[in-house]
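Colleague: So you can see what is in the structure, the chains are spelled out below.
Protein chains: 2
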Amino acid sequence: MSRDIVGAEIEHLIQLLSRLPGLGPRSARRVALHLIKNRDKLLTPLASAMAEARDKVVTCSQCGNVDTADPCTICTDPRRDNGIICVVEEVGDLWALERAAAINGRYHVLGGVLSAIEGIGPDDLNIEGLIRRAAEPGVSEIVLAVNATVDGQTTAHYITERLKGLDVAVSRLAHGVPVGGELDYLDEGTLAAAFKARRPY
Amino acid sequence: MSRDIVGAEIEHLIQLLSRLPGLGPRSARRVALHLIKNRDKLLTPLASAMAEARDKVVTCSQCGNVDTADPCTICTDPRRDNGIICVVEEVGDLWALERAAAINGRYHVLGGVLSAIEGIGPDDLNIEGLIRRAAEPGVSEIVLAVNATVDGQTTAHYITERLKGLDVAVSRLAHGVPVGGELDYLDEGTLAAAFKARRPY
Ligand SMILES: [Zn+2]
Ligand SMILES: [Zn+2]
Chain A
53 MSRDIVGAEI EHLIQLLSRL PGLGPRSARR VALHLIKNRD KLLTPLASAM
103 AEARDKVVTC SQCGNVDTAD PCTICTDPRR DNGIICVVEE VGDLWALERA
153 AAINGRYHVL GGVLSAIEGI GPDDLNIEGL IRRAAEPGVS EIVLAVNATV
203 DGQTTAHYIT ERLKGLDVAV SRLAHGVPVG GELDYLDEGT LAAAFKARRP
253 Y
Chain B
53 MSRDIVGAEI EHLIQLLSRL PGLGPRSARR VALHLIKNRD KLLTPLASAM
103 AEARDKVVTC SQCGNVDTAD PCTICTDPRR DNGIICVVEE VGDLWALERA
153 AAINGRYHVL GGVLSAIEGI GPDDLNIEGL IRRAAEPGVS EIVLAVNATV
203 DGQTTAHYIT ERLKGLDVAV SRLAHGVPVG GELDYLDEGT LAAAFKARRP
253 Y
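From first to last, the protein sequence lines stand for chains A and B.
Letter by letter, the first sequence follows residues 53 to 253 in our numbering.
Letter by letter, the second sequence follows residues 53 to 253 in our numbering.
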């Protein structure tokens, strides 16, 4: 702000809030005021929830999901089909597919995609873990549910090459996913249909 | 979510985030994931900043501003003109006027406006405090910087009536403020110009 009108604590809070995705300086101020005005109903529980998340949330060492348990709830769920591993770029994609209830297998979160421009190579992604998991007994299919972007498809191609020689089928989501589209923005019906119509890679 | 795929802690965090102004369920999930992915750089400092705000931010007993001191930084600033009190609806309006550096006086935050429909009467607003402050020696002008809405103008009219008999001039912001517009959305130049061209009520 142009003058020192709010205490350093509020200024700091606004500055941090403005770094959240989708929030600019103006909306960060609105959020800060809303929090201060709703101290008991919102600020206090949200501060606690963030502290809880900070202390308890871990990355699953098996699949890369985030959860309060490692291995995560999905990896340890006995009702899940151990034979299918669905490969996604980010945890947000995993959540999107789960909301669609499209998959009853497990997941593998790459943590991104290969990108020559951004200098992201295979070692920067969780690919070795995937190859290890794909070689485990009982695993029969790897579904490549990466985004329909150039980098996503490059990554899918690379993984397919790496999986050659293993006794697993490799499939990808059907072309219900719009070209250039990101999974996290798709409606649940499209995601479910795309998964059902998945084809061999 | 449709299935129990994220721990209760994350689900709770998402649910609270979705109650922030401007965030829906989808953007709340994005924000939660962004926080979890940036634990050290964002989640931890933001959790601390919120706890600080929860513990330290108070409402100024004099003007209704929020700050970490009571009376607030503005009320105790010796460089401010004690003669002018600028009446605003909400703290966000005070911040907007401060960003415009339009006013070198003090403020009085009503905490809303009179509204027949919402059943908000004079006793629900911080009006008695304003009348007391307006009667203090040295106060020469009350600037009614309420929004140019019907309820805002009703409130301005009510306050003007209550101030009759006191030795203070009552003014309002010039008609640079668009009809129906809210102060917090205006650019700083318009706000500064509107304040400079304020006229007697
Ligand atoms: Zn897992
Ligand atoms: Zn004050």
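Since the hints were derived computationally from the structure, they do not count as laboratory data.
Possibly wrong hints are sitting among the right ones.
Copies of one chain are not kept apart here, so a pair can be met inside one copy or by any two copies together.
For lysine to aspartate or glutamate, the following EDC-like pairs were computed, each having C-alpha atoms within a straight-line distance of at most 20 Å [said to hold, decoys possible]:
| id | residue 1 | residue 2 |
| --- | --- | --- |
| 1 | Lys89 | Asp107 |
| 2 | Lys248 | Asp203 |
| 3 | Lys93 | Glu104 |
| 4 | Lys248 | Glu234 |
| 5 | Lys108 | Glu240 |
| 6 | Lys89 | Glu170 |
| 7 | Lys89 | Glu234 |
Colleague: Now look at each hint and say whether the structure bears it out.
Modeller: Now for the hints, and whether the structure bears them out:
Taking CA atoms no more than 20 Å apart as the test, Lys89 paired with Asp107 passes between copies only; the shortest distance there is 13 Å, against 27 Å inside one copy. In this assembly of identical chains, the alpha carbons of Lys248 and Asp203 never lie at most 20 Å apart, being 24 Å within a copy and 56 Å across copies at closest. For a Cα distance limit of 20 Å, the shortest separation of Lys93 from Glu104 qualifies both inside one copy, at 17 Å, and across copies, at 16 Å. When the C-alpha separation of Lys248 and Glu234 is checked against a cutoff of 20 Å, the pair qualifies only within one copy, where the shortest distance is 18 Å, while the shortest distance between copies is 50 Å.
In this homomeric assembly, Lys108 and Glu240 never come within 20 Å of each other (Cα to Cα): the closest approach is 29 Å inside a single copy and 43 Å across copies. Within a single copy, Lys89 and Glu170 get their C-alpha atoms only as close as 42 Å, which misses the 20 Å cut-off; across copies the closest is 19 Å, which meets it. Taking the closest pair of Cα atoms, Lys89 and Glu234 come within 20 Å of each other only across two copies (19 Å); inside a single copy the shortest separation is 36 Å, beyond that limit.
Of the hints listed earlier, those the structure fails to meet are numbers 2, 5, in rising order.
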